[in-house]
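Enquirer: Let's have the full structure, built from the sequences with the hints guiding it.
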Amino acid sequence: MRNFEIPAAVRSRCGAWSRFLDENLDFSLKSVVHTKDHEKRVLLFALLMGEERGLSDRDLDVLSAASVFHDTRRQDDWLDTGHGDRAAAYYKEYCRKKGFPFHPEAVAIMAFHDRDDEKGNAFIKKNFKDYKRVLLLYHIFKDADALDRFRLGEDGLDTRYLRTEEAKGLVGFARNLVNGVIRY
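Residue 129 is where the sequence shown starts when you use this note's numbering, and the numbers rise one by one after that.
Don't read these hints as lab results, they were simulated from the structure.
Keep in mind the model is a prediction, meaning the values are calculated, not measured.
Ideal Cβ positions, reconstructed from N, Cα and C, are used throughout, including at glycine.
Heads up, none of these hints are tricks.
Here are the in silico distance ranges between beta carbons for each label pair:
no., residue 1, residue 2, range
1, Arg-147, Gly-182, 20 to 30 angstroms
2, Asn-307, Lys-257, 38 to 48 angstroms
3, Asn-304, Lys-257, 34 to 44 angstroms
4, Gly-182, Glu-221, 28 to 38 angstroms
5, Asn-304, Ala-250, 27 to 37 angstroms
6, Lys-260, Arg-311, 27 to 37 angstroms
7, Ala-144, Arg-224, 17 to 27 angstroms
8, Asp-204, Lys-247, 17 to 27 angstroms
9, Asn-304, Thr-163, 15 to 25 angstroms
10, Arg-186, Ala-136, 16 to 26 angstroms
11, Arg-288, Asp-204, 24 to 34 angstroms
12, Arg-288, Ala-144, 27 to 37 angstroms
13, Asn-249, Gly-210, 12 to 22 angstroms
Expert: Shown next, in the form of structure tokens:
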């Protein structure tokens, strides 16, 4: 595990988006696995990786929106292919009704986060002019979601599937956070 302190900017952004999640979003499924706490940890992991990469505020907002909405429309805790599409639709509708900032990249990330990388990569390459930037966001998000698999047990995460070096550097932190060894 890397020894580091959560940067103040990450702490602040994570707090604001966590409050937004708590105060505004509802979940279709009453779950013990896909909870608001899961989404908050995914948010933290995504922001830590984004900060390390030096991403723009806009890109950090894309990752944040994807993090807090991505599992809101699950219907099953285990195999639920399509919950990403439902979450993306919920996000689009929420933005339309509430005048909330809309990011097409967040829609793509959510819609394909429960699919094989090849499908998401192909969609992004076909539909975004700046596809390299959006692919990076997609990979960061999928790694952030994966890092929280320690909540499923010590063997919940297979690190061979992590896509980014930043995620590989967060494995020990993620394990300790999920297991309650450290708090943020």
